[in-house]
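**Student:** Chain B with the ligand: place on chain A using the hints.
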Amino acid sequence: MDNFLLQLLLFCTAAIVAVPLARKFGLSSVLGYLLAGIVIGPFGLSLIGDVESVMHFTEFGVVMMLFLIGLELKPSLLWRMRTPILGMGGVQVVGTALVICLIGSFFVPWQTSLALGLIVSLSSTAIVLQTMREKGTMETTAGRAVFSILLFQDLAVIPILTILPLLALSPAQGGSGGEAALLDISTLPTLWRVAATLGAIGSIFVGGKYLARPIFRIIAATRVREIFIAVALAIVVGISLLMTVVGLSPALGAFLAGLVLADSEYRYELESDIDPFKGLLLGVFFISIGASLDFFFISHHLLLIAALVISLLLIKGLILYGIGFLFRTPGEGRCYLAAALVQAGEFAFVLFEFSRSNGVLTDNIITPCVSAVTISMFLAPLFFILQERLTGRSGNEEQQREADSIKKKGARVILSGFGRVGADVGRFLLSTGIHPVIVDSDSGNVATLRRFGFEVYYGDVGRLELLEAAGAAEAELLVVTDRDTEKAQALITLAREHFPQLKIVASASDRSATYDLMDIGVSAIRRETFGGAVELGREVLVCLGFRRYEAYRLARLFRHQAEAFLPKLYHAHRRQSAAEYQLLYRRHTSRMAALLQAEGENNVGLSEKAWLASRGED
Amino acid sequence: MNKILLLLAHPAFGRSVANAALYSAVEGMEGVTCRDLYDLSPDFFIDVEKEQELLLAHDIILQQYPLFWYSTPSLLKEWTDLVFEHGWAYGSDGESLRGKYFMQAITTGSEAETYAWGERSSMPLVSYLAPQRATARLCGMHWLPPFVAAGVHFESRAVLAREGQRYRRLLEALQQCSQLEELAEKYRITDGPVPEANALDRDLLKGESNG
Ligand SMILES: Cc1cc2nc3c(=O)[nH]c(=O)nc-3n(C[C@H](O)[C@H](O)[C@H](O)COP(=O)(O)O)c2cc1C
Numbered sequence: 001m002d003n004f005l006l007q008l009l010l011f012c013t014a015a016i017v018a019v020p021l022a023r024k025f026g027l028s029s030v031l032g033y034l035l036a037g038i039v040i041g042p043f044g045l046s047l048i049g050d051v052e053s054v055m056h057f058t059e060f061g062v063v064m065m066l067f068l069i070g071l072e073l074k075p076s077l078l079w080r081m082r083t084p085i086l087g088m089g090g091v092q093v094v095g096t097a098l099v100i101c102l103i104g105s106f107f108v109p110w111q112t113s114l115a116l117g118l119i120v121s122l123s124s125t126a127i128v129l130q131t132m133r134e135k136g137t138m139e140t141t142a143g144r145a146v147f148s149i150l151l152f153q154d155l156a157v158i159p160i161l162t163i164l165p166l167l168a169l170s171p172a173q174g175g176s177g178g179e180a181a182l183l184d185i186s187t188l189p190t191l192w193r194v195a196a197t198l199g200a201i202g203s204i205f206v207g208g209k210y211l212a213r214p215i216f217r218i219i220a221a222t223r224v225r226e227i228f229i230a231v232a233l234a235i236v237v238g239i240s241l242l243m244t245v246v247g248l249s250p251a252l253g254a255f256l257a258g259l260v261l262a263d264s265e266y267r268y269e270l271e272s273d274i275d276p277f278k279g280l281l282l283g284v285f286f287i288s289i290g291a292s293l294d295f296f297f298i299s300h301h302l303l304l305i306a307a308l309v310i311s312l313l314l315i316k317g318l319i320l321y322g323i324g325f326l327f328r329t330p331g332e333g334r335c336y337l338a339a340a341l342v343q344a345g346e347f348a349f350v351l352f353e354f355s356r357s358n359g360v361l362t363d364n365i366i367t368p369c370v371s372a373v374t375i376s377m378f379l380a381p382l383f384f385i386l387q388e389r390l391t392g393r394s395g396n397e398e399q400q401r402e403a404d405s406i407k408k409k410g411a412r413v414i415l416s417g418f419g420r421v422g423a424d425v426g427r428f429l430l431s432t433g434i435h436p437v438i439v440d441s442d443s444g445n446v447a448t449l450r451r452f453g454f455e456v457y458y459g460d461v462g463r464l465e466l467l468e469a470a471g472a473a474e475a476e477l478l479v480v481t482d483r484d485t486e487k488a489q490a491l492i493t494l495a496r497e498h499f500p501q502l503k504i505v506a507s508a509s510d511r512s513a514t515y516d517l518m519d520i521g522v523s524a525i526r527r528e529t530f531g532g533a534v535e536l537g538r539e540v541l542v543c544l545g546f547r548r549y550e551a552y553r554l555a556r557l558f559r560h561q562a563e564a565f566l567p568k569l570y571h572a573h574r575r576q577s578a579a580e581y582q583l584l585y586r587r588h589t590s591r592m593a594a595l596l597q598a599e600g601e602n603n604v605g606l607s608e609k610a611w612l613a614s615r616g617e618d
Numbered sequence: 001m002n003k004i005l006l007l008l009a010h011p012a013f014g015r016s017v018a019n020a021a022l023y024s025a026v027e028g029m030e031g032v033t034c035r036d037l038y039d040l041s042p043d044f045f046i047d048v049e050k051e052q053e054l055l056l057a058h059d060i061i062l063q064q065y066p067l068f069w070y071s072t073p074s075l076l077k078e079w080t081d082l083v084f085e086h087g088w089a090y091g092s093d094g095e096s097l098r099g100k101y102f103m104q105a106i107t108t109g110s111e112a113e114t115y116a117w118g119e120r121s122s123m124p125l126v127s128y129l130a131p132q133r134a135t136a137r138l139c140g141m142h143w144l145p146p147f148v149a150a151g152v153h154f155e156s157r158a159v160l161a162r163e164g165q166r167y168r169r170l171l172e173a174l175q176q177c178s179q180l181e182e183l184a185e186k187y188r189i190t191d192g193p194v195p196e197a198n199a200l201d202r203d204l205l206k207g208e209s210n211g
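Chains A and B, in that order, give the protein sequences. If you count by the working numbering, then the first sequence holds residues 1 to 618, one letter each, in order. If you count by the working numbering, then the second sequence holds residues 1 to 211, one letter each, in order.
Just chain B, with the same shape it has in the complex:
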C-alpha cells in the first residue's frame, strides 16, 4: 500500500467551504497522514528536519490548497523553499525524494471551462502547475496530474460533498495502485499539450468524471 502525505495549505481554513469538504472526506483514512500547514506553522516557522523525516516515510506527496492568483498560498511556497534543501532533495547528493510521487489537489473559484486557451482564466489549469512539475522532476519525483474541484463558489454543499467522495476514492485507488510508475510515465513533461486536470479519474476511477 502506498503511503500518502497530505499537506493542506489554507490561510483561513476556518472559513473554508471547498477545502473543508475535501479534507474532512479523507481525514483519518488509514495510510494517509494529514498535516494542516497553516496551523503547524502560523508564524511561518518550519521545522525542516521534521518535514523531511515525514517525506521520507511516505510514497506519495499530496499538496492540497485553494488556487490563489494561479499559484499556491504563500506558506506552501515557503515550505518548499525550506524543505527541499540542496544536498537533500536535489544537487549531487540530493536523492532523498527520488522515486516518490508528487501530486496536487486544487480548488478554484473560476469554473473548469474558463481554464482553456483564450478563455477568462487564460490557460489550461495544468499550465499553471509548471513550477511544481519541474520541481518534482528536478528532485527525481514522478509527477501525477492534479485532482481539481473547479468553480467551487457556485457549487452547493451537496455537490462539494460528492467532490469529497471522489477525492477519497481517488486516494484509495492511489494507495492500492501497483503500476503507478507506468501511469506516471504517461505524464512526463513533453513539448505537447499539457495533461488535463483530473486526468487520473480516467486512469483510476474507470471513467468517472468531474461532477
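Only chain A is shown next, with the shape it has when bound in the complex:
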C-alpha cells in the first residue's frame, strides 16, 4: 500500500512538473509526460520499479479515450465517414504491412516480416488524439482523415489477432495469448465462439439503448454524484472485460458503447465523469513509455535501432503521404496526415507480447523492435511540431474555412436550464436554426422533454467539467435561466473565470435577482415575468377597445422606459437609503404614467397639430 502511494505520488509529481513546462514551451502535454518518464525511469533518477505493469494497467486510458470518442460521435456521422475509414484506413494498414513485409523479407523469413509489418502499421491513438485535441485540429479535413485511419486501425486489431498465429514459425508457447480473463471461451467449438462474440456486441447495443437510460435515471434521481461516477466507470470496465472474454479489443467495445450512448441525455455527464480518469491514466501511460526506453540496450545496438526507426518512419510516412494524394487531401493536409500517423502505437506492445507467446516472433527480433517503436512514439510529438514549422500553420486555421461543420459540432450557445423560461428560449433558438447545447439539472424534466423530442442533457453546468464538456471553450454565449439566483451567480462567475470569451445572457426571477446579477456585472438581463406581464397588459387594453396599434405602442414605450430607468433604480437601491429608493421608484412610476397618457396625444397627434401650426407661420 505504502509503495503504491509512493509510486502514485511520484507519477503525479512528475506530471505536475513536466506538463506545465512542456506547455510553456508550446509543446504538447504528451511530450511532457514522455520526458517526465525518462527523468524518473531506470535511466534517469531510477525512481520507479515495475514499469511494464504500470504501463499495462494504464493502457486502460486508451479504452476510456475511445469510449469518450464514441460519445462525441453520432452513428450518423460515422456512417457518413465510412468511405475514408474503409478506404484510407484499409490502404494504410494493408499497404504498410505489405511494403514492410517485402523489404523485411530480404533479412528475415517473410512470415516474420509480415507480422512486423502488421504490428507497426498501427499508430498511437493515444498520442495522436490527445495532441489533436490540444491543437484543436480534430475538425479539419486532415484531422478527420487522421481520425478515420485511427478508427480503422482499432478495428483492424481484431483480424490481426486472428492472422498472427497463422504466421508462427515455432509452436506456440502455451496459453491462448489473450489476457487472463474470467473465463476462457477459446476452448469452445467455433460456432459457440462466434455466437458468444456476436452476443457480446449485441448486448452492448441492447443494453445501451434500453437498459442504460432507466438505470441512469434512477441513479441521477439519488443525486449522489459518486454513484453516477461509479456507474460510468462500471460501464467502461465491464465492457472491457466482456470484450476481452470474447477476444475482441476492449477499446473497440468501449467505442461502440460510447456510440450507443452518444444521443442519450446523460452524454455530457458521462463525458465529464470519465474524462479526468482518462486523462490521468493516459498521462501515467505516457510516463511509463518514457520510462521504458532501454537506453542500455539502445546504446549497444545504436546502428540497428537507428536503421529500424528511420525505415519505419520513412515507409509509414511515404505511404501516408501517398494516401493523402490518392484521396485528394490538399497539400498541407497530406503533410499533416504523414506527420500525425508515422509513429507506431501502443497496440504494438500488446501485439509483440501476443506474437512472442504464439511463437510468431522471437526475443532477438522483439527487443530491438520494441525500442524502435518506443522511440517512434517519443518522436511523434516532434513530428507535429516539425509539420507546423514547415507549413507554418497547425492545420487549425483551416477551421475557419470549415465554419459550417463546426457549427454543427461545437454549438455557439449553451443554454443552462430548460424549465419555465429556458424551454421557450430553447424553442425559439431552435426555430431560428441555432442549436444550443441544452443542459438541465432536473432528471425528471429531462426525461419528459426527451419524449417531446428535445435534445436536452442531464447535468449541472455549475460544475466546471460539465461546462467544459458542453463546449464552453468554443461557444460564444451562455444563457442562464436558473431560477435560483445564487446558483446563477456561481455559474456566471465560474464561466467568466474559465471562459472569458463567453458572453452572458441571464434571466432573473424578480427585481432583486436582477440587481444581484447586475452586482456581478451582467448587462444582458431580462426579468422573467416582465415581458409576459406587459403583453398581458396590452391584451387588456385591446379588450377595453384600444386600437391594437395604440396598445402595441404603449406597451413598447412602457418596456423601453422601464429598461432605461433600471440602472438608476439599481444605483439607488445599492447606494442609497430605502426611503430614497422608494421615492425614486414612486417618481419613476408617476413619470411613466405621464408619458404613457401623453402618448395618445403625443406622437401622431402632436405632429398633426404641428402640421397645422406651421401653416400659420407664413
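Simulated from the structure, these hints should not be mistaken for lab results. Note that the structure is a prediction, hence the values are computed from the model and not measured. Accuracy of the hints is not assured; some may be wrong.
Selected chain B positions facing chain A (in silico; Cβ < 7 Å) [what the hints assert, rightly or not]:
{"#": "1", "residue": "Pro11"}
{"#": "2", "residue": "Gly14"}
{"#": "3", "residue": "Tyr38"}
{"#": "4", "residue": "Pro42"}
{"#": "5", "residue": "Asp93"}
{"#": "6", "residue": "Glu95"}
Even glycine gets a Cβ: it sits at the ideal position worked out from N, Cα and C.
**Tutor:** Okay, now just chain B with the ligand, sitting in the frame of chain A:
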C-alpha cells in the same frame, strides 16, 4: 362587377376624422373588402401569403391613407416592401398582379390649391405619387388617378360626410365600369403634366367635382 380590395392605413384611426368619414361611407359595401392594416399588423408583422391571396382575389387595389410628409404612413410602405415579392409581383415569373388596377384615396391637411407648382405644397399632388405609379407599372398594373379629400382640417363634419358619399359613388362606378382598361390608358406615365387629383370624377361621375 369589379371587386375592390380597400387597404386602410391610419396609425391613429381612433382619432381620425376625415379617414373615418370616408371609411364608414364605404364599409360593408358589397364587393368591397375592407382591411384596416394598422389593426391587423400592430407590430408590423405582415402575413404575406394571406395578403397575396387577397390581392389575387380582387381586381382593384385601393390604398386609403392620410398624407404624411407627402408620402404614406410607414406601415403601408412596409406592406408594399414585403407583399410585392420578387417572382410574385415582379421579375421574370412575377405576373400575379398583371392586369389589375391600382388606386389611392388620400386625405391631406393642406388645401387643394396649395398643391401646385410654387405654391405652399410645392407640387401638384399626383407628382408625389410617382413611386406608387411606377410600382404599379412595374408590376403590370393599370394606375388610376387618386380620390383626394384635401384640406380636411378646415372642413366641417357635414362636408366630410359629403366627401364620404362622393367616395362611395366613385367606388360604385368603378365596380360597374366595363371600360376601365381604356380609361386607365389615358393615365399612362408620360413626360407631360401629371394627371389631376380626382380626375376620375370627371370620367365616372359625370362632371361632379370636389365639394
Ligand atoms: C406626421 C404627419 C405628417 C403630415 N404630413 C402632411 C403633408 O405632408 N401634407 C399634408 O397636406 N398634410 C399632412 N399631414 C396632415 C394629415 O394629412 C391630416 O392630418 C390627415 O389627412 C387627417 O386625416 P384624419 O382626420 O383621418 O386623421 C400630416 C399629418 C401628420 C400627423
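**Student:** Using the nearest Cβ pair, does Gly14 of chain B come within less than 7 Å of chain A?
**Tutor:** Because about 5 Å separates Gly14 of chain B from the closest Cβ in chain A, which is inside the 7 Å limit, the hint holds.
**Student:** At a threshold of 7 Å, is the proposed contact between Tyr38 of chain B and chain A supported by beta-carbon distances?
**Tutor:** holds (4 Å)
**Student:** So, Pro42 of chain B near chain A? Judge it on the closest CB pair being under 7 Å.
**Tutor:** This interface hint holds because 4 Å falls under the 7 Å limit.
**Student:** Holds or violated: is the Cβ of Pro11 of chain B closer than 7 Å to a Cβ in chain A?
**Tutor:** holds (5 Å)
**Student:** Checking hints one by one. Is Glu95 of chain B an interface residue toward chain A, by the C-beta closer than 7 Å rule?
**Tutor:** violated (32 Å)
**Student:** Measuring from the C-beta of Asp93 of chain B to each C-beta in chain A, is the shortest one below 7 Å?
**Tutor:** At about 27 Å, which exceeds the 7 Å cut-off, the nearest Cβ of chain A leaves the hint on Asp93 of chain B violated.
Of the numbered hints listed earlier, those contradicted by the structure are 5 and 6.
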